[in-house]
Structures are given as C-alpha cells and as structure tokens.
Amino acid sequence: MRTGERPKGVIRWITTTNHKDIGTLYLVLAFILFFVGGSMALVIRTELFAPGLQWVDPDFFNQMSTLHGLIMIFGFLMPSFVGLANWQIPMMIGAPDMALPRMNNLSFWILPFAFLLLASTLFIEGPAPNFGWTLYPPLSTTYGPDSTDFLIFSIHLMGISSIMGAINIIATILNLRAPGMSLIKMPIFVWTWLITAFLLIAVMPVLAGSVTMMLMDRHFGTSFFNAGGGGDPVLFQHLFWFFGHPEVYILILPAFGVISEILPTFSRKKLFGRTSMIYAVGCIALLSFLVWAHHMFTVGMPVAGELFFMYTTMLIAVPTGVKVFNWVATLYRGSITFEPPMLFALAFILLFTIGGFSGLMLAMVPADFQYHDTYFVVAHFHYVLVPGAVFALFAAIYYWLPKWTGRLYNMHIARWHFWLSFLAVNLLFFPMHFLGLAGMPRRIADYALQFAEFNRMASIGGFTFGIAQLLFIVVVIQCILRGPRTTSRVWEGSHGLEWTLPSPAPYHSFAIPPKIE
Amino acid sequence: MFLCSSLAQAAYRLDLSPGVTEVSRKIYTLHHMVLWICIAIGIVVFSVMFYALVKHRKKAGARAAEFHENIWVEIGWMVVPLLILVALAIPATKTLLFMHDTEESELSVKITGYQWKWKYDYMGDNFGFFSELSTPQEAIQGKKEKGEHYLLEVNHPLVLPVHQKIRLLVTSNDVIHSWWVPAFGVKQDAIPGFINEAWIKIEKPGTYRGQCAELCGRGHAFMPIVVVAKTATDYQKWLSEQKLASLTIDLSSRTLEWLQREGKAIYEKNCMTCHQGTGEGVPGAFPALKGGRVATGPIKQHIQTVLWGVEGTAMQAFKEQLNDVELAAVITYERNAWGNDVRVQHNKTEPLVQPADIQSYLKKQ
Ligand SMILES: [Cu+2]
Numbered sequence: 001m002r003t004g005e006r007p008k009g010v011i012r013w014i015t016t017t018n019h020k021d022i023g024t025l026y027l028v029l030a031f032i033l034f035f036v037g038g039s040m041a042l043v044i045r046t047e048l049f050a051p052g053l054q055w056v057d058p059d060f061f062n063q064m065s066t067l068h069g070l071i072m073i074f075g076f077l078m079p080s081f082v083g084l085a086n087w088q089i090p091m092m093i094g095a096p097d098m099a100l101p102r103m104n105n106l107s108f109w110i111l112p113f114a115f116l117l118l119a120s121t122l123f124i125e126g127p128a129p130n131f132g133w134t135l136y137p138p139l140s141t142t143y144g145p146d147s148t149d150f151l152i153f154s155i156h157l158m159g160i161s162s163i164m165g166a167i168n169i170i171a172t173i174l175n176l177r178a179p180g181m182s183l184i185k186m187p188i189f190v191w192t193w194l195i196t197a198f199l200l201i202a203v204m205p206v207l208a209g210s211v212t213m214m215l216m217d218r219h220f221g222t223s224f225f226n227a228g229g230g231g232d233p234v235l236f237q238h239l240f241w242f243f244g245h246p247e248v249y250i251l252i253l254p255a256f257g258v259i260s261e262i263l264p265t266f267s268r269k270k271l272f273g274r275t276s277m278i279y280a281v282g283c284i285a286l287l288s289f290l291v292w293a294h295h296m297f298t299v300g301m302p303v304a305g306e307l308f309f310m311y312t313t314m315l316i317a318v319p320t321g322v323k324v325f326n327w328v329a330t331l332y333r334g335s336i337t338f339e340p341p342m343l344f345a346l347a348f349i350l351l352f353t354i355g356g357f358s359g360l361m362l363a364m365v366p367a368d369f370q371y372h373d374t375y376f377v378v379a380h381f382h383y384v385l386v387p388g389a390v391f392a393l394f395a396a397i398y399y400w401l402p403k404w405t406g407r408l409y410n411m412h413i414a415r416w417h418f419w420l421s422f423l424a425v426n427l428l429f430f431p432m433h434f435l436g437l438a439g440m441p442r443r444i445a446d447y448a449l450q451f452a453e454f455n456r457m458a459s460i461g462g463f464t465f466g467i468a469q470l471l472f473i474v475v476v477i478q479c480i481l482r483g484p485r486t487t488s489r490v491w492e493g494s495h496g497l498e499w500t501l502p503s504p505a506p507y508h509s510f511a512i513p514p515k516i517e
Numbered sequence: 518m519f520l521c522s523s524l525a526q527a528a529y530r531l532d533l534s535p536g537v538t539e540v541s542r543k544i545y546t547l548h549h550m551v552l553w554i555c556i557a558i559g560i561v562v563f564s565v566m567f568y569a570l571v572k573h574r575k576k577a578g579a580r581a582a583e584f585h586e587n588i589w590v591e592i593g594w595m596v597v598p599l600l601i602l603v604a605l606a607i608p609a610t611k612t613l614l615f616m617h618d619t620e621e622s623e624l625s626v627k628i629t630g631y632q633w634k635w636k637y638d639y640m641g642d643n644f645g646f647f648s649e650l651s652t653p654q655e656a657i658q659g660k661k662e663k664g665e666h667y668l669l670e671v672n673h674p675l676v677l678p679v680h681q682k683i684r685l686l687v688t689s690n691d692v693i694h695s696w697w698v699p700a701f702g703v704k705q706d707a708i709p710g711f712i713n714e715a716w717i718k719i720e721k722p723g724t725y726r727g728q729c730a731e732l733c734g735r736g737h738a739f740m741p742i743v744v745v746a747k748t749a750t751d752y753q754k755w756l757s758e759q760k761l762a763s764l765t766i767d768l769s770s771r772t773l774e775w776l777q778r779e780g781k782a783i784y785e786k787n788c789m790t791c792h793q794g795t796g797e798g799v800p801g802a803f804p805a806l807k808g809g810r811v812a813t814g815p816i817k818q819h820i821q822t823v824l825w826g827v828e829g830t831a832m833q834a835f836k837e838q839l840n841d842v843e844l845a846a847v848i849t850y851e852r853n854a855w856g857n858d859v860r861v862q863h864n865k866t867e868p869l870v871q872p873a874d875i876q877s878y879l880k881k882q
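Chains as they are written, first to last, in our numbering: chain A, 1 to 517; chain B, 518 to 882.
Just so you know, these hints were derived from the structure itself, not from any lab.
In this text, all values refer to a predicted model and were calculated from it rather than measured experimentally.
Honestly, I wouldn't trust all of these hints.
To be verified - Derived pair list, reagent style PhoX-like, types lysine-lysine, alpha-carbon separation capped at 25 Å: (1) B:K627 x B:K760; (2) A:K270 x B:K576; (3) B:K572 x A:K270; (4) B:K836 x B:K786; (5) B:K636 x B:K781; (6) A:K515 x A:K270; (7) B:K575 x A:K270; (8) B:K817 x B:K880; (9) B:K807 x B:K786.
Chain B on its own, in the form it takes in the complex (with noise of 0.2 Å):
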C-alpha cells in the first residue's frame, strides 16, 4: 500500500497530470499519444545506430561499403514519417476545435491579472476580489519552514461551482501574465488592453494549484493560483456570504497606531517589492519613499498617487486593490514610517490620513 502510494506519487511528478477536466484528459491522452510515437521512432533510429556503431567499427575489422544514396529508400522515409504526421494531427485537431467551444457558459469570470496578484470577477454577480501569495516572506527566506503549499497558497482562492461551463474572460492591469491551472488543462495569456476567453467544466469538487507562467517581473514566481471547485449547493452558500462581507466596512475613524500597524502589513504585501522594506527603492527603477517628495509632502497628492498610480511607470493604481480603510492605513503609514513624520512636520502638512478623507477625496473628483 505503502509502495503503491509513493509509486504513484513518483510517477505524477514525471507525468503530465490526468486533470479534472474532459479537456485536460483529451490533453492527456494526446500528450501520451505523441509521447509514445516519439518512443517508438527513436528505438527504431538508435537501434540502427548502435547496431553500427559496434557492428561497423573500424577495430572489428569492418570495411566500408561503396553505397551512398538510393532514391526509393529516401522517398521512404519522406513519406512514413508524413503519413505519421498526418495520423497525429487528427485527433490535435479534433481536441483543440473542442477546447475552441466557448458558447453556453453558466458562469463568467472575469480574470484579471496584476504584479502579482490576481482579481476575480463575478460578472453576473457584481462583486470580486484580489487573491495573493499568503506565503510568509519569512519562509521563503528560510527562517521559518516551509510549509507543504510553499509559493502555492493565496489568502482568497477563486471559489468555483462544478458541473457547470465556466466561461474565463482574461486581460491583465499592467504587463503580461499568464493564467495556467495544469489540473483544468488551461493556459491563457492576460495582455493588458485585451480579452481572451476560455473555458473549464469541473468535474470533482477539490482544490487546484497552478503559477503565472508569463514572465512578469519581479515577483513573477510569487503569484499563485489556487481553484477550490465545490458543490452548487455550497457555491451558492459561500457567494451569498461573500456579498454580505462586502458590504460592511467600518469607516470610522482610527488612533495613529492602529493605521501605522495595519498600514505596515499591507506595504509590506504591496508596495514593498518595489519601494524595498526600507522606503529607499531602487535607484533609477524605483523612487524612495523616504524622504520622498510625494510621501511627506501635500496629503491631496500622495492620495492621488496611491489612487491612481501614475502613467507609464511601474506605479499601480490601487484604488480597487484596496478599500478606504486599508488606503488610509497604508497612506499614513508611508507619510510616517523611516523618519518621515519629522519631514511631514517640517513641511507643515499632516501625518494621519483617516477613511473619512479617502472618502471626500473621491467625493470631491
């Protein structure tokens, strides 16, 4: 039992996995199909090979033959390898005009990926949210273990029914990723400025892992995905309870300890990869904070820049990353963090930004 288990382990390492969905096993299937084909042709070409590596070799007394060309035999293998060709293309064919069909979906989702994390919107249901690495940074550092989901574990997967078509829209805020759950047999680029589709039908409730797969940056290796596929029944529980959630935020005001606490937790999730744990950046990528011009200066401008980002740089937009507490908590943060409080009262502007303030700042566009 033991042997089994652990037999069946290796072998799901070496292999492509069976999936969960018709597509990714019709995936399977081909992907075993060609695998095999290439076996075969290569036991076939190498065994001639060695035959004439050891049974030609000079020392074995062999004499070499006058012949060197022979049009039939060429013609040959022209045409075997083709008609093989031809045998392969059909059933690839076939799979991917199935994989093609986006049509009668129940559900849509709208994927949208970001350095690095990812947003989940439920067209039809008005509501989403972004899911993130929950991995500590303590253990990717190695000073604190590492658990068994290390670097594929978020703090919201995407919650998903089964049985069901699920259309995927997927486009991207900022450069290209890539959405790829090995388990659904889906992979689709997210560019920003356009949408692409597909398509997944669950068919067992579980949880799914998979990475961005495009190139995006910094930390392009830190933005998972985790899929948990449940019943109808219990999808629809855990959607009504995740519209109650959103709409009760309090929106009273804080003491200053309480934003600088939050406000460091989320900069450290967010803003810390560019602008480094210190305030200091990246010189000539990334501006210090410490210090910084917008971060200790007028408190209307540095909202705006946490807002709305700014154009043609690495600055995202947070403002639906984030909601109005968290944005009060990080701002306040940042304008009091690396000694920046002493500047903030030198240029006679304040330190604290409460959720209120957030709230007239949007009142006010």
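Just chain A, with the same shape it has in the complex (with noise of 0.2 Å):
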C-alpha cells in the first residue's frame, strides 16, 4: 500500500500491518497498563505504610499484589521490549518492514483483549485471582476463585501473541537482513532479541500447558496438581519455573541489548568484547533452562537435587560477570557524555549488578533456607527488573524517541525524570534487603512493628517512583508536539543503519536494501 491510500484515524491503527505503527501501539499499550500495574503497587504501598490493617482487606490486598505482578511482567515489560523490537529491528538491519506485517497486527490486537479479559476479574462477582502471579496450586485450583478462569484464558492470549511475535521476529532477522549484514555484524540489540525470541517460543508453550493443566484440575476432573487424586501440587511448580526462570531472561536480554548499543555511543568508542557479549547472551539463555528448581529450594528437594540447581545457578554469575566487565570496559578510556539515554544506562549497570549479588547469594541453598520467600527475594528481583529491565526501556526510548519523531525532547526535564527515578527507586527497593533478612515475609498485608520504619520509607520511596514517571510522559508528549527538529544523525556518536535514515524515519524505510561492507 503506498501512503497515499493510507486509512486515517481509528481504522488506520486498527488495520495498519507497518512496524513502526505496530511499535508505536506496543509502547502505547505498555505505558497504560505501566500506570494501571504501578497504581496497584501503590495500593500495596500504601497498607504497607504503617502495621496494622487500614485501607483495604487482605484479600484485596493478595488481589493487588497477584494482578501488580501479572500486568507488569505479561503487560508492560514484555509488550514494550517487542514494541521496541517492532520500531527497531527493521531498521537496524535494513529491512523493509517485519517478515509477516499481517501476523504482527494479529499479535498486537489480542493483547488489548487479554488485558481487557484480565481487568474484568476486578469487576465480576467474587475475588479477583489472589493467589500471587506465581499462581501455586492448591490455592489457585481448588482453592481458587471463580475469576481463576478468566485469568487461565487471558494467559493463554498473551501466550498466542508472544509466540506470534517471536516467530516474525526470529523470521524478520533470519530473512530480511540487508545485503552484506551477515549474522556476526549484526547489531547487538538485534541479537539479544533473536535469542530472546528463541526462548519465548520454547517456554510459553508450558506456560500454556500449566494453566490448561489448572483449568482442568478447578472443571474436568483431573487431579495432575492434586495429591489426593494422585498428582503433586509441586509439579505445577516445576512447570512453572520451567517457564519462568527464562521468562526472567526474556525480559533482561533485549535490555542487555539496549545497554550495548547505547554505552558504545556516548562513550564515543566501540562496545568492548562485542563477540564475547554474543557468545555470554548465548550461554545465559541455555543456562536458563537448567535453573528452575532455584526458586523451589524449599519444597523438600532431594540434596542432589538442591546441588544440582545451586551449582548451574552459581554458573550463570560467569557469563553475566563478562557482560558487566565489558561494559566497564567499554566506559574505560572513552570519551563520555551524559545524555539521559546514558545517565539511564549506567544506573542500570549499577543497580542491575546490585540485583546480580543478591542473586548469587540466593543462589546459595543453605542461605536460601532463610531468603526464600521474604522481602530479601523482593528486593533482588526489583532491582533486576525496575532498575535493569524498565531503566533499560527508558534508556532506549530516550535514545531513538528523536529518531522515531524527527524531534528533539526536552533534556532539562528527562534529566529530572532520571535523578528522581534513580533515588526514589533505591529508597523504594534497598530497605526491602533488610526486611528481608530481618524476618519479614512477602506477600503480607500487615506485619509486625520491628518492620514500620523500612515500610515506611519504601513506601515513600514508592509514591516518588510513582510521581517521577509522570515526568517521562510530559517528556515525551512536548517531544512530539513541540520539540525541535533534529539531524538524521541525532546523537554525535550514533553507529548503525537506522541512523542513516532521515528525522523522524519514514513511514517506508529501507524499500530498497542498503548495501553493507
């Protein structure tokens, strides 16, 4: 279709099979359900403030806390990594659009159904799934409420799409790669997401199976998670954590990739190691399937067992390690800058290596005995996904946002979204550590008074996360509306294909391949 036949307004979102549209309504999407999960968490902070029960009733309070996880992880995170994905891969290896632009419509337009599918359990009769994102049975099956099924079918939505996504994604780069960009010059965003893409489609297949597994235990008669009919509640946990530990690293990788376009840039000098970084991503990913039972150590494990699981877990520090020590290596003897997409990256680097050690000493069983379940375990993962994952996300959209709109954003204001995001984030999160190994459980809506003073300060620390966001999309609507035109080039360090298309890049881009040396 040449632009001129375009549809206008609604029709043309609705049916529009271009990537950077596509991209466009995934980063929409994701930023709205940002809010709405981030509201939840405020929710939890807010009880959390003091001991004692005062705004809403524990289960309420578990309802909170299971949807928070779910629409965070299946709702923001990994939709805006695809939309990323979406804007980007075409661009940054000279292709076109994406292999299968129909496909790509289709796993966009069920994700707002899912969601939709997900938030009416708030409004029927009855709880809405409050059994944690975790969703261990026999809480969420014969224990669970009527709202469980929704929830089972809202997965299996998401799932469709993932894997739809992951598909074109593998299919776009494997295919449509320009003349000359062979896989080893591949730029290394692109990489982590072909990677990532080859986990989504070998993990969320058992994601499937679980919830289908639930679904028939609650309605068919089946007893696979059910020890009086024979089966094993910890079963589901398996299965589970088969999904969900590379889950963890579907969403850390493309922010890995994020981090290793952007440091080389402001630093003026090129990534350190960059076939080594390939090579950790690689390893990382299939160490994944090997971890899962980490998060089980608990659950009366054979020692074998345990030893297993904390041996391969211990592993995973290695190739991690390397991509940190590139990075800083990558820093070293540069000539750097401070740019908001930079300031955003190195938090990250700090703070995701912060969320590294804590996982390495969960990865310690004995230890473990204590960690396990309490705040401790709390803070390691928010510090890998808010300061890692979502830092990442603010980093990218802050590097290639000039790009995507032809205009500048206001630096003054994203400088103060990120030094407010990066105290708020550690107020909010470091106290959790202490919690944790002073005794606090998670997943409690009151709790003893020895724990107040850490609450209070992590829900303070909570709602100035909160307010600071508001910032980011004051940034990005000026940008659009009103901010200065730019170069095609953008940033003075900027490498790689999508910077040698005009600001903002055409609607078409790349209709004729580029030819690479």
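Using the hints, put the two standalone chains together into the complex.
So, in structure tokens, the structure goes:
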C-alpha cells in the first residue's frame, strides 16, 4: 500500500501492518498498563505504610499483588520490548518491514482483549485472582475464586500473542537482513532479540500447558496438582519455573542489548568484547533452562537436586559477569557524555549488578532457606526488573525517540526524570533487603512492629517513583508536539543503519536494501 | 551502655540473626562470606567504572581510545569469577549436607498447616494442639494499642526441649504453607498430601518467633509461629500437665446463652475470615450463613458440614480442630445469630445443639 492510500484515524491503527505503527501501539499499550500496574503497587505500598490494616482487606491486598505482578510482566515489560523490536529491528538490519506484517497486526490486537479479560476479574462477582502471579495450586485450583478461569484464558491469549511475535522476529532477522549483513555483523540489540525470541517459543507453550492443567483440575476432574487424586502440587511449581526462569531472561536480555547499543554511542568508543558479549547472551539463555528449581529449594527436594541447581545457578554469574566487565571496559578511556539515555544506562549497570549480587546470594542453598519468600527476594527481583529492565527501556526510548519523531525532547525534564527515579527506586527497594534479612515474609498485608520504619521508607520511595514517571509522559508528549527538529544522526557518537535514515524515520524505510561493506 | 544496646538492636534489624542452632549459625557464616565477597567485587568494579566516568569525560578533554577487545583479559574475567564461585560452593555444599542429616532424632513433632493456624502433634506422646494468632482483632484494626509482639503471638506455643535433636514432619491440610523460624534456620514448605522433613537442635532456652512464609490466602499474614524452648526437666513437667488437661473435658449440657456466647468467640476465630462477621459471606467465594440452607436446615446436616467440611471447597473439616463442646457452641451460635433463629423455627428444626448431640452423631457414623 502506498502512503497516499493509507486509511485515517482509528481504522488506520486497527488495520495497520506497518512495523512502526505496530511498534507505537505496543509501546502505548505497555505504558497504559505500566500506570495501571503501578497504581496497584501503590495500593500495596499504602497499606504497608504502617502496621495494622488501614485501607484494604487482606484478600484485596492479595488481588493487588497478583495483578500487579501479572500486569507488569505480561502487560508492561514484554509488550514494551516487543514494541522496541518492532520499531528498531527492521531499521537496524535494513529491512523494509517485519517479515509477517499481517501476523504482526494480529499479535498486537490480541493483547488489549487479553488484558481487558484480566482486568474484568476485578469487576465480576467474587474476588479477582488472589494467589500471587506464581499461581501455585491448590490455592489457585481447589481454593481459587471463579475469576481464575478468566485469568487462565487471558494467559492463553498473551501466550499466543508472544509466540506469534517471536516467530515474526525470528523470521525477520533470519530472512530480511540487508545484503552483506552477516549474522556476526548484526547489531547487538538484534542479537539479543533473536535469542530472546527462541526462548519465548520454547517456554510460552509450557506456561500455556500448565495453566491448561490448572483448568482441567478445576473443572474436568483431573488431579495433576492434587495429591488426593495421585497428583502433586509441586509438579506445578516445576512446570511454572521451567517457564518462569527463562521468562526472567526474556525480560532482561533485550535490556542487555539496549545497554550495549547506548554505551558505545555516548563513550564514542566501540563495544568492548562484542563477540564474547554475544556468546555470553547465548550461554545465559542456555543455562536458563537448567536452573528453574532454585525458586523452590524449600519444597523438600533431594539433596542431589539442590546441589545440581545450586551449581548451575552459580554458573550464570560467569557470563553475567562478563557482560558487566565488558560494559565497564567499554567506558574505560572513552570520551563520555551524560545525555539522558546514558544516565539510565549507567544506572542500569550499577543497580542491575546489585540485583545480580543478591541473586548470587540467593543461589547459595543453605542461605536461601533464610532468604526464600522474604522481602530479600522482593528486593532482589525488583532490582533486576525496575532499575534493570525498566531503566533500560527508558534508556532505549530516550535514545531512539528523536529518530521516531524527528524532534528532540526536553533534556532538562528528562534529567529530572532520571534523578528522581534513581533516588526513589533505591529508597523504595534497598530497605527491602533489610526487611527480608530481619525476617519479614513477602506477600503479607500486615506486619510486626519492628518492620515499620523500613516499610515507611519504601512506601515514600514508591510514591516518589510513581510521581517521577509522570515527568516521562510530559517529556514524550512535549517532544511529539513541540520538540525542535533534529538531524538524522541525532547523537554525535551514533552508529548503525537506523541513523542513516532521515529523522523522523519515513513511514516506509529501506524499500531498497542498503549495501553493507 | 544505652548506645550499645540500641546499636545492637539496629544491627539485628539490618542483618540475619545468628540464631540458636548449629544450622542457623552455619548459615549466618555462609551469608556473611558471600555478602562480603559481593561487596568486594562491587567495590572493585564500581571503582573502575566511576574512575572512567570522572577521568574519561568528554568535558575533561578525554579522547576515545581505539581498543575494543583483548582475548586474555576476557579469559581472565571468566576464570577469576569461576574460582571465586568454587570457593563459595565448597562451604555451601558442606552446610547443605549437614542440614540434610535427619538421622538419630530423639523426638518427632508433626506440624500441619491449616488456613490460618498450625497444628502440632507430639508423635511419641499421642497428643497435639492447634496454635493460632492471639493478637486481638481490635489491635489489627487500630482500635486498640499494638503490643510488643503484635502479630507474632499465639494462644498455644509449640514447646520443645533444648539440646535434643528434634525431627519435624511438615505437612498441610489445605493449601501450601511454609513453617519458618529464622532463629533455627529452618524453613520448610507444608504441602498437602506430602510430608517434608527437617530437624532442629535448639541450644538455648527461650521464646522464638516466626511466620508462615508461603502465600496461603487471606490470613497469610496472621498465622505466626511461636516456639518456647525449655530445659529437659521443665519440658517433661509441661508434657505431663498437657496430657492431664486433654483428658478432662466437661461434656455436660449448657444453657442456650452460654453456648451462644462461647460460640460467638469460636466463630470469630475460625469462621469469620470467610463467612464474615455479618454471616453474609463473600458472594461467589464463601456462602452466606445468614438465612443459609445449612445453618437453618436440619441439625444433622449442619453438624456434618462443620465436622467434615465440604470437599473441593475452602470449607475445612473442624472435627480435629475443635472439641465437642466448642463444636456444639459454634453450631448453636450459627443457628441463632443474624435472625437465623426465626428461620430455624420456620423450618421446624432445633436451634440448640449440645455436646451430647455431637457425640451421638459421631457414634452413628
Ligand atoms: Cu500459611
């Protein structure tokens, strides 16, 4: 379809098969859900501001923590990185569009319905899902509310969407690279997405299978997870974490890719150890299939099993370490400037590494018996996901937004966004390490008096973090409406095919593939 | 002195406690080892990073160097972390093997998780009891001051002897719970249909507190664990007292007022979280007792529901949890509260249930 024939208004967005349009749709949906999931986190932090039950019923508290987890992972982080992939992969490999544009449209438009179905559980009779995003039976089967079935179908829809998205990304990367771009020359962000897409295809069916087994147990008389009928509740945990651990890397590997693109630009120096970076990502992806049981050391595993999963988990520290060391070596003797994407990328390295350290601590099985299911774990995975994956996302948007809109954004407000987020995220999550070590279990609506001070700090940090994100919306809207025009290079040190296109990138780019030396 | 104690208190709140068992101390040592290794690595990596950020700024006139790979450096920062990991894995493995050695225990206690309380059975001595939160509702709702052990206090603590190796058999009656006492270094999931093993050997008499660690529904925050460790002689004395008390329950008939009053208290502890104080339940999740089919229907069915629960739902079996007097009281309360007495009369059935009724029901089984 040529530009002139494009439908206008709502119909354009519903029928679009353009990778840039679909990328925008993914990002818009993701940020709507970011604020929905964030509000739920603030309900949690409000109740936990002081000991005692002040605001919500403990069951509603459980519904909030369940939906917060599900929405942030499946509704915010995954779609936002798929949005980035849609915008960037074709432009970075010199392709005219994604390989399967109609499927691309479908895989996006399934998502709003999946999340409407999930959100509807709050409004139908009876409680919304209230058993944690990990869905452990029998709390989610025999004891689960009616709305659990809505959740199961919603997860099926998300799974279908993710698998289609992943197939599309793999097909695009393997088939549509510009002539001369061998796999090894491919930008590192594209590499991380290629590996992530394979992870998605490998594990989303496992999740779909597990929730289907839940559905069977609930309504069709099977006993997969019911000891009374010869099943085993722990089987669900094995299946769930066989999906769940690679899922963590699905969220973080594209973030690694983003950081590896941004650091060289603002250090004006090539990425250190490019090849070993790619191998490290591959290693992490493979190891991610061998570590799932470290989420469940307390279920009563044989000692041989605990040792196996401890060793494999500790091994992941090696390729992850390689990545961090290579990033630092990239900075070393560069010519560094601190634009907003760089600030977020640097904070990523610092704070993600802290999350990595607590991850190593959690791998030590004997110590894990103390850390498991406490706020120490909550601190750990929030450090990996918020100043980790979310900061990488902000870095990516601040990096590529001028290319998408053709306009610069207000650097001053963006810096405020960064510094507020940076301080607040630490005030929010660092005290949680202490809470966990002092003995506060996770997912409790009320707590003993000795946990009061750190909870108050975390709640204040939470609200500050929430408010800081409004600045981000201001920056983006102002950029789209009124930002000053920018050049095709945008950044002094930018490198790669997308920067050879004019800004804003034309609706159809690389209709004729570029030549790569 | 004051400064010292407040510092000690502060340190305790920032870190794991060393605890009172050999296991918990070994864990504490391991925790510190890995923590300090992480801090050391962090200092090295972040120092280099911040050095670069300060020295190699463009503003400071830095020009970018050309280097972008070095195979020996890269091999180096794979091998060194690997060696550190091996150094960590050795003590971790040793501690883990020590923790798994459940042989030669002198006493076995079965721990069963319930929504939302614990049951402790002394296996060799054939007796057991339920242990539930004793913090009053008013304190939780903020209508009364919160005591020192707010949410960490129970009506019947688990009593154990010191210096004896005790085997814990952990299981659950409904959903997954997790029995955790930080001072012992024990956290063991309670899984319905399966029995997990752990062991403890407490070194110091005292009171130790913990909580359920696995999300188990609405009352997850409200099922603490309290263990009182006693010397061998005190423990034996306590044990014989308990056995005596469990034999003497007065089964004589009570007045309606007495049963309603006692029943209300039992209802508030055991039933109210689901069926609500108003008896109206939660639509779609927990059925209403106010005007409900069972609570205003034939006595036999009401007794049956409370004693055996309803399979495939959250309704538990209370036969083992309450004694015959308590059962009679709570059933009587449910049949008379919220205007149910009118419906009971209308349905031409009895409003009053005596302990003897429960016993004759059980005999007919
Ligand atoms: Cu529990």
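A quick look at each hint next to the structure:
1. A C-alpha spacing of about 17 Å is found between K627 of chain B and K760 of chain B, which places the hinted pair at or below 25 Å, so the restraint holds.
2. Taking the CA atoms of K270 of chain A and K576 of chain B, the gap is about 19 Å. The hint holds against a cut of 25 Å.
3. This hinted pair checks out: K572 of chain B and K270 of chain A have alpha carbons roughly 18 Å apart, not beyond 25 Å.
4. Proposed proximity of K836 of chain B and K786 of chain B is supported: the alpha carbons are some 15 Å apart, at most 25 Å.
5. Only pairs whose Cα atoms come within 25 Å are accepted, and K636 of chain B paired with K781 of chain B is accepted, the gap being roughly 22 Å.
6. With a CA separation close to 21 Å, the supplied pair K515 of chain A and K270 of chain A stays within the 25 Å bound.
7. Using a Cα cut-off of 25 Å, the hinted pair K575 of chain B and K270 of chain A holds, with the two alpha carbons roughly 16 Å apart.
8. The suggested pairing of K817 of chain B with K880 of chain B holds, with an alpha-carbon distance near 13 Å, which does not exceed 25 Å.
9. Among the hinted pairs, K807 of chain B with K786 of chain B is consistent with the structure: their alpha-carbon atoms are about 18 Å apart, no more than 25 Å.
In this structure, none of the earlier numbered hints is contradicted; all agree with it.
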